[in-house]
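Asks: The lines below spell out each chain.
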Amino acid sequence: MLLYTGYIFIILSGILLIFIFLKRRRKSNQLKAKRQYQEVLRKASLGMGRIKELKHLLKLTVHVVTRAVKVDYCSVYVWHEDSGRFVLRAVKSIDPQIQFQNGLLADSSLIEHIKGTHNPVYIGSSEFKKHDDYALKLIKDLQLVPAVAVLPCFIDQQLIAVIGLGNKLNRTKYSHDDLMMFSILANQIGLAIENAQFYEKTRMIQEQLIRAEKMATIGTMVDGISHQMKNRLHAMGFITGDALDVLRTKKWGDTPVDMKNFIDEMEYSLVRLQDNIKRGGELTEGLLKYSRKNTENYEHIELKKLLETSLEMLKFKIKLDTVQIRTLWHEANPKIYGNYTQLQEVFFNVMDNAYDAMMQRKNFLNEEGFSPKIEIETSFKDEETHIFFRDNGMGVRKEHARQLFTPFFTTKLSSSKKGTGLGLFVIRQIIERNHKGHVNFSSIYCAGSEMEIVLPVSFPSEILPGV
Amino acid sequence: MAKLLVVDDESDIREFAKRFFGRRGVDVVTAHDGRSALDAIISHRPDLVMLDIQMEGMDGISALEELRTSGDLTKVIMVTGNESPDIIEAANRNNIQAYIHKPLVLEELEKVVLRELNR
Chain S
1 MLLYTGYIFI ILSGILLIFI FLKRRRKSNQ LKAKRQYQEV LRKASLGMGR IKELKHLLKL
61 TVHVVTRAVK VDYCSVYVWH EDSGRFVLRA VKSIDPQIQF QNGLLADSSL IEHIKGTHNP
121 VYIGSSEFKK HDDYALKLIK DLQLVPAVAV LPCFIDQQLI AVIGLGNKLN RTKYSHDDLM
181 MFSILANQIG LAIENAQFYE KTRMIQEQLI RAEKMATIGT MVDGISHQMK NRLHAMGFIT
241 GDALDVLRTK KWGDTPVDMK NFIDEMEYSL VRLQDNIKRG GELTEGLLKY SRKNTENYEH
301 IELKKLLETS LEMLKFKIKL DTVQIRTLWH EANPKIYGNY TQLQEVFFNV MDNAYDAMMQ
361 RKNFLNEEGF SPKIEIETSF KDEETHIFFR DNGMGVRKEH ARQLFTPFFT TKLSSSKKGT
421 GLGLFVIRQI IERNHKGHVN FSSIYCAGSE MEIVLPVSFP SEILPGV
Chain C
1 MAKLLVVDDE SDIREFAKRF FGRRGVDVVT AHDGRSALDA IISHRPDLVM LDIQMEGMDG
61 ISALEELRTS GDLTKVIMVT GNESPDIIEA ANRNNIQAYI HKPLVLEELE KVVLRELNR
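If you read the protein sequences in the order shown, they are chains S and C.
Reminder that position 234 of the first sequence reads as 234 in the numbering used here, one-by-one numbering, no gaps.
Reminder that position 31 of the second sequence reads as 31 in the numbering used here, one-by-one numbering, no gaps.
Chain S on its own, in the form it takes in the complex (with noise of 0.2 Å):
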């Protein structure tokens, strides 16, 4: 009997011996796994500070992560400022039919949550098995996205992007080690981000430098091939009148009607290339009155006159017959000191912003019986001249108004009229800095837009010439 339970013991004691060797095998396994994951995210976390494209990042951020996490899927969302969103930049998924959200909305009860905490959200966390609205409400949020962990992406305290992961593919939960571990990696890709973001940002600027030097080194050039261009003309001109003038001054009395038609005809010809002759005269010296950057020639102007052939160089650019333009100019059309040239180019841009803004909407809100309207005003008061250009155009979102007048912004859509976001800054840089005067922009989005330039009416040497 001893023996029997002698032999029960041992063959128990084996059982139990093998059983723990082979949990402590799992578990070391498991350990290994970890380990191999980690090191991974730790090498890929090191190497993304230095891509320097922002695509390419976040494109080896899902695949790293689904690979050494080994998860159905991960979701990059970056902080997007103009529309106020964390727009969807990349995605890595082993289900294809899994919909992903485009946006998460910085309101959204997820996004303010780890505002909040600054730690990452996991549904499987204690703090969502109370069931209560709070933690209903973000299991919501977390199954629209669809994610079940958020990983957040500090810098400064600013969130700049959320890292969405799905279930592990072993389905085992993620642990507190786990999210410890992700959180690191998150700031890591958080500083890859804003690094990635800073130099393409850098690179746009440099562009746009690049571009807006090659226009101004066009706008100089302007100057020289208008004046000849200008000259051909005028000997067309001279040639075309005195061709004319043989064709006229000339008896035909006697000769045969087909050759009498033969003449008319030339002529007729020769009064329409003149016609031609006189309204490319006209276009050549719209541009050079356009491209001449006069910064010493400061004067008392006339400001209706200002307007109006602010008004006409448009012409050249636009069909002003499309648009309704509506002056109110003020009895007393007071005279303003400043140079003739540089205000000339604020006018213009201003009513040329105006015409793109009522194209937009025209286009993007195709309403039924919308007429485009451009209104000028001009008023006089405290020693100050007020002019209001008013249009019913697209108009600018509220949270885009406070960056109109930065360098290299623009809201204007089409590629065929995008701007060099150029227009507005040297607008306030002439009008301010130039003539001691300010901007003041209003607008309401889908409805229009008022500028209004305050000019002073001032004592000569205040102004300070010079762009």
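Derived by calculation from the structure, the hints in this document are not laboratory data.
Some clues are possibly wrong.
For lysine-lysine, the following DSSO-like pairs were computed, each having C-alpha atoms within a straight-line distance of at most 30 Å [stated by the list, open to error]:
no.	chain 1	residue 1	chain 2	residue 2
1	S	362	S	398
2	S	251	C	111
3	C	111	S	250
Not close to chain C: a few residues of chain S, all C-beta gaps over 10 Å, as computed [claimed, not checked]:
no.	residue
4	24
5	32
6	98
7	108
8	127
9	167
10	173
11	274
12	304
13	389
Small disclaimer: the values here were computed from a predicted structure and weren't measured.
We treat Cβ as the ideally placed atom computed from N, Cα and C, and that holds for glycine.
Assemble the complex: chain S is given as a structure, and chain C must be docked to it using the hints.
Replies: Relative to the frame of chain S, chain C by itself:
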């Protein structure tokens, strides 16, 4: 016979101005810059000068100023591209008869030139 001096650095302008006004019985002499214009004024004593502003060599404004400084009051009409206010002002100070803007319609030039020649 009325005499017109055409000053322009463009040979086409000189040639066709000569043809056009020649048909109207005007004696046309030409010069290609400001310096040769001043010489031509002394040697040909024209009744009227049609003077271009922008030219290679001595420009129209310098020639006009030198002419007036020497006390010569020959009638001058200026041909202008799109000169700056300073240049226009300099021309105005020196007693000119008229401006002609480039590019011109010959009939309009004819009116101005014949009016000045017949005065």
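Asks: Are the hints correct? Go through all of them and say.
Replies: Verification of the supplied hints:
At most 30 Å may separate the alpha-carbon atoms for a hinted pair to count; residue 362(S) and residue 398(S) meet this at roughly 20 Å. With a CA separation close to 22 Å, the supplied pair residue 251(S) and residue 111(C) stays within the 30 Å bound. The suggested pairing of residue 111(C) with residue 250(S) holds, with an alpha-carbon distance near 19 Å, which does not exceed 30 Å. Look at residue 24(S): its CB is around 93 Å from the nearest CB on chain C, clear of 10 Å, so calling it non-interface holds up.
Chain C leaves residue 32(S) outside its interface by the beta-carbon criterion, the shortest separation being 82 Å against a cut-off of 10 Å. Taking the minimum C-beta to C-beta distance to chain C, about 66 Å, the non-interface status of residue 98(S) holds against the 10 Å cut. Chain C leaves residue 108(S) outside its interface by the beta-carbon criterion, the shortest separation being 60 Å against a cut-off of 10 Å. Listed as a non-interface residue, residue 127(S) keeps its Cβ farther than 10 Å from every Cβ of chain C; the least gap is roughly 75 Å.
The claim that residue 167(S) lies off the interface holds: its Cβ sits roughly 74 Å from the closest Cβ of chain C, which is beyond the 10 Å cut-off. For residue 173(S), the condition that its CB be more than 10 Å from all CB atoms of chain C holds, with the nearest at approximately 79 Å. For residue 274(S), the non-interface assignment is contradicted: its Cβ lies about 6 Å from the closest Cβ of chain C, within the 10 Å cut-off. The non-interface label for residue 304(S) is consistent with chain C: the shortest C-beta to C-beta separation is roughly 19 Å, beyond 10 Å.
At roughly 26 Å, the least C-beta separation between residue 389(S) and chain C is larger than 10 Å, which holds for a residue marked as non-interface.
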